[in-house]
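Starting from the structure of chain W, add chain D where the hints point.
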Amino acid sequence: MSIRKTLQLGILFSAIFATGYLLADDHEGGGNRSLSPVSHPKWQAECASCHMLYHPGLLPERSWRKLMGGLDKHFGENAVMDRVTQQEILQFLVANSADHNGSRRSAKIASSIPAQAAPLRVTETAYFQGKHDEISPAVWKRAKIGSPSNCIACHSGAEKGNFSEDNVRIPR
Amino acid sequence: MHKILWILLLLLSASAQAASPAEALQGYTTQARQENPAFGAASASKGDAFFHATRQHSNGNKVSCATCHTDNPKQSGKTRAGKEILPMATSANAQRFTDLTKTEKWFSRNCRDVLERTCTAQEKSDFIAYLISVK
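Residue numbers (this note's numbering), protein chains in the order written: chain W, 1 to 172; chain D, 173 to 307.
Isolated chain D (complex conformation):
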């Protein structure tokens, strides 16, 4: 019995930082205002442009978020190794942006992969605003 309790406790402590997409957006917006006091509100249209913007990677490839996530965020994407990526739009995937640790982990990886730098909190908030706005 004690063992089960311990396992439950462990699971709870290790479990995701659950939040709603709106809370995730709020968190990044607050952070963006700290980075830049002039930042007003997150912009879905800027996020849209960011998602689809193609750039030349130093490895010679043209890359964008849409390279793996496809141009339509309501659709499933595909990793370079061929594995399905569930849709990014919250209207098509209720799990998206509900785990802050996971969200931050993937921003950290994918911003480096696509932009070869980290993303700013402003970019992250615009990105999430766009993906919440896609109906």
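Just chain W, same shape as in the assembly:
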């Protein structure tokens, strides 16, 4: 193949790649804008029996370590699991946590938390509170919502990490 043809091919592929890259709007200024869907069978089985599945990218590593270290008193309930499962899930949470997954939303959550704090609730972070400051207490209490912890009531893609404003539907 001539040098010229190689160059032409190279340019063609770069153009195709660049188009795809620009069309996918979650590639802005480095990492993904939103949280990527993640999956782990034990995480899904253990962490979604009692509540919705919270994406690991919603809290930093230190929060997940604290949470998984206190399962005997998990928001007032006993959620103890065998040690092997607990360690496996913790590693998964840490690897995809707000300070390790590379998404812009996670980075904003992480940077909104003071260095010495390890919140166990996403709702305690300044990022969450800033994003929801227009929601009145009465809205949170609606039967189909219940509390700010129930992300999935308004963000139907929450368990997959989709918190895009375009997909928000606040139930009446």
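Hints are computed from structural coordinates only; laboratory data are not their basis.
Check before you lean on any hint, since a few could be wrong.
[Stated by the list, open to error] Here are a few chain W residues that sit away from chain D, every Cβ distance over 12 Å (derived from the structure):
{"no.": "1", "residue": "K73"}
{"no.": "2", "residue": "G102"}
{"no.": "3", "residue": "S112"}
{"no.": "4", "residue": "A118"}
{"no.": "5", "residue": "A126"}
{"no.": "6", "residue": "A138"}
{"no.": "7", "residue": "G157"}
[What the hints assert, rightly or not] Covered stretches of chain W, as calculated for chain D (at least 3 residues, CB under 8 Å):
{"no.": "8", "region": "44 to 57"}
{"no.": "9", "region": "142 to 151"}
Cβ atoms here follow ideal geometry from the backbone N, Cα and C, with glycine treated the same way.
Chain D alone, transformed into the frame defined by chain W:
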């Protein structure tokens, strides 16, 4: 191909300890007799009373099994976070008490949550006897 075999093996080894509800009941009854040689057979009526008994939790709330599972074990219940709990009665949920590891995990968690202690094998066998008996 090897990879698939390995995955299958892993799945099998990690998979649940499958059993029937009757086998689960038998297991706890045997254990109850070891704990207390005077224990005869599991009692569905004692299990019924246990399921519905309300007590005062140290956090000030009145709690019972029925708090989350509802008074009717043939109905779905709800966790405190609002998630559905499938029925406890084996007549309404064929999966109930068919995985010993899972059964033991939930006894361990929920006995602490409701009774603030572990349950005895006798209580567990009465409980299962009741939930098998509900038709």
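task = Would you check chain D against the region 44 to 57 of chain W, counting CB to CB pairs closer than 8 Å, and say if three or more residues qualify?
result = Answer holds; 5 residues pass the 8 Å Cβ test.
request  = Would you assess whether A138(W), listed as outside the interface, keeps its beta-carbon beyond 12 Å of every beta-carbon in chain D?
outcome  = holds (18 Å)
message = At 12 Å, judged by beta carbons, does S112(W) keep clear of chain D as stated?
response = Holds, because the least Cβ-Cβ distance between S112(W) and chain D comes to about 24 Å, which exceeds 12 Å.
request  = Beyond 12 Å from every chain D Cβ: check whether that's true for G102(W).
outcome  = holds (28 Å)
query = Are all beta-carbon distances from G157(W) to chain D longer than 12 Å?
reply = Nearest chain D Cβ is 18 Å from G157(W), so the label holds.
inquiry  = For the region 142 to 151 of chain W, count the residues whose Cβ lies under 8 Å from any Cβ of chain D; is that count three or more?
reply    = Coverage by chain D holds here, the residue count being 3 at a Cβ distance below 8 Å.
No chain D beta carbon within 12 Å of K73(W)'s = Violated, since 10 Å does not exceed 12 Å.
query = For A126(W), is the shortest beta carbon distance to chain D beyond 12 Å?
reply = It holds; A126(W) is separated from chain D by about 24 Å at its closest Cβ, greater than 12 Å.
No chain D beta carbon within 12 Å of A118(W)'s = A118(W) is indeed farther than 12 Å from all Cβ atoms of chain D, at 21 Å.
Hint 1 alone, counting from the list given before, is not met by this structure.
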